[in-house]
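In the order they appear, the protein sequences are chains A and B. For the first sequence, the working numbering begins at 1 and goes up steadily by one. For the second sequence, the working numbering begins at 1001 and goes up steadily by one.
In case anyone wonders, no lab produced these hints; they're calculated from the structure. Values in this document were obtained by computation on a predicted structure and should not be read as measured data. The reader is advised that the hints may include incorrect statements.
To be verified - A few chain A residues that face chain B, going by a derived Cβ cut-off under 7 Å, partial list only: (1) Glu-2; (2) Lys-4; (3) Leu-5; (4) Asn-11; (5) Arg-17; (6) Glu-300; (7) Lys-310.
Beta carbons are placed, not taken as given, at the ideal position from N, Cα and C, and that holds for glycine.
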Amino acid sequence: MELKLLIPLRNLTRNRRRTLLSLAIIALGTAMIYAVRGYVDESMLSIRQGTVRQFGNLQIASPLLWAEKTENFGYLISPEDVARIVALLQEIPEVTAHTVQLNLSGLAITERKTKVVRATALEPQNQALDYNDLVVEGSGLNPDDRAKVLIGRALSEELQLQPGDFFSLTTTTVDGAYNVGPLQVAGIYALNNAVVEGQLVFMPLGYGQILLDTSGVAKVIVTLRSIDDTDRIAQIVQRKLTEAGLEFEVRTWVQLAEFYRQIKGFFDVLFGFLTIAVSVLVFFIVLQVLTLSFLERTREVGTIRAIGTKRYQVFLMFFMESVFLGVLGGLLGIAGGWLIGQGFNALGIGWTPPGAIEPVPVRLRLELGNALGPFLVGVFATLLSALYPAAHSARLNVVEALASK
Amino acid sequence: MILQTENLTKVYRVGKEEVPALRGVNFALDTGEFVVINGPSGSGKTTFLNLIACIDKPTSGEVYIEGQPTSQLSEGQLAELRKRKIGLVFQTFNLIPVLSAYENAEYPLILLGVGRKERYRRTMALLEEVGLKELAHRRPDELSGGQRQRVAIARALVTNPRLVLADEPTANLDSETGKQVMAIMRRLNEEHRVAFLVVTHDPVVTQYAQRTVKIRDGQLFDGSAKNGA
Ligand SMILES: Nc1ncnc2c1ncn2[C@@H]1O[C@H](COP(=O)(O)OP(=O)(O)O)[C@@H](O)[C@H]1O
Ligand SMILES: [Mg+2]
């Protein structure tokens, strides 16, 4: 006990300035990793929420749609099949809601301009996935609306359309016939994504079916009680579909959101790189300090070895010093990172990510859950630095060590 | 017999040169004896003591501790032997600076795995015997040289070893303090029936010896002068 606790702790008080320096380095490294972890986690969470809000948790559609073989509209799901899918979904308690969507594209024409747009036809004010909460001007879509549309802010600026204005949309029906319908802008939505806002419009399902001249839909969208259920329920739904002989495929939101996967990959690389860089820095600085500090005690090592201390005990004594340093530095780092994070959160500094229209505030998510990783990185970098100097001290020749200094 | 050496030699190699430090030393120490080996600087005293203390290996010859040959023992077995049977006193005291006098004297008992209460009893008893009970809480840098050496003596004796080895224990002390330290060692030798082997270049120290041996150029010359106590 005393060898592993008392003496190492006392040795940390031997040269306070040096101990404080080591602690500061470890704490700084840990705090940096923790702060960045908090930023990445917060960003990923908001992107994930946004993605799920855009895609639902699961989508069910024909393999043709997923393979983007959409030319002949062979992917459309008939009302009968929709009813069978819905019946299956109702057997699963984790499913909170579902809805259907139909996608089409066409040419938006105003008096001044034309523009190719994509439209999502949906059930207004359904329980699963509804874009009315994105509306920043005008109103959302109502269940009894017919030829109404929500357009993005970027598109409204480009086509100079305000709520209440009309434009026409020309499309091709499933049979290849030319079709055109007038649409009134009900409201304008904002998504802070220039590409989506400039292209995508939302209309009631019934009107989309009229424009395409079909009674089918493209996909069934499912929301779940918890995002963590996604993969498990996806498997269950797929099995039920297959058992029922329905040739549809389930996709999860992660599979659907290429953007999410890319940004996650980017963040993972960034964070991994930062972690390695900071660990290496902490490792070398603490290595330097410990080497010096252990070497100064050469004659003491000779003494305690001479009176019967075993090599492994010397090693442990020194190694435990780094355990205390690492744990203390790590804890200080977590506390420091938390303070930095609270500072950022309170200041609300904003930046504009690529593709976004408005700056988003830099926010850090700092919880005990994501503190563990950075804490362990700080601790392990420290322990690693102690390994060599501690082993070196443990292996000193007793006579030479006694004769030193 | 607590200690015996048989034809002990030690040759240091410095570059290509060979420095013979011990040339066939035969020596024996009886249980409870107090022997001083006296010789000039460079005569091989420290070398001899290191071999007996089992922290160094002879070039040839053998060291027997309580009749047991030591040359074949492993590093771990030697550490075990040092911790149980041998106490060491150094010229430069060699206390651990971050530990109090009490903790320094207690340290070998921790190595032996003695329980806290028993450690306290034995450590305090020894600190009292060397007259440092009142200063038990002080750190080494708060003690005088003589006090530090007394702590070191307490540390050497706390495990009840059979043999205490002291290398120039008075060399860093003024002569008055040196005498006090020698007197304490002599008293403990009698009270604890523990053998002392003190090596020194200081002729004054020989006054405390039961038996004095001279060393010169790595060879012993038995003075055999028994001084009584
Ligand atoms: N590590 C060493 N390397 C080379 N020569 C040494 C070493 N240690 C001691 N010697 C030599 O061995 C001889 C005896 O030294 P030592 O035992 O330290 O004598 P003493 O303790 O009596 O002063 C001296 O000539 C010394 O120079
Ligand atoms: Mg010497």
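Structure-inconsistent hints, enumerated in ascending order: Per hint list: 2, 3, 5 violated.
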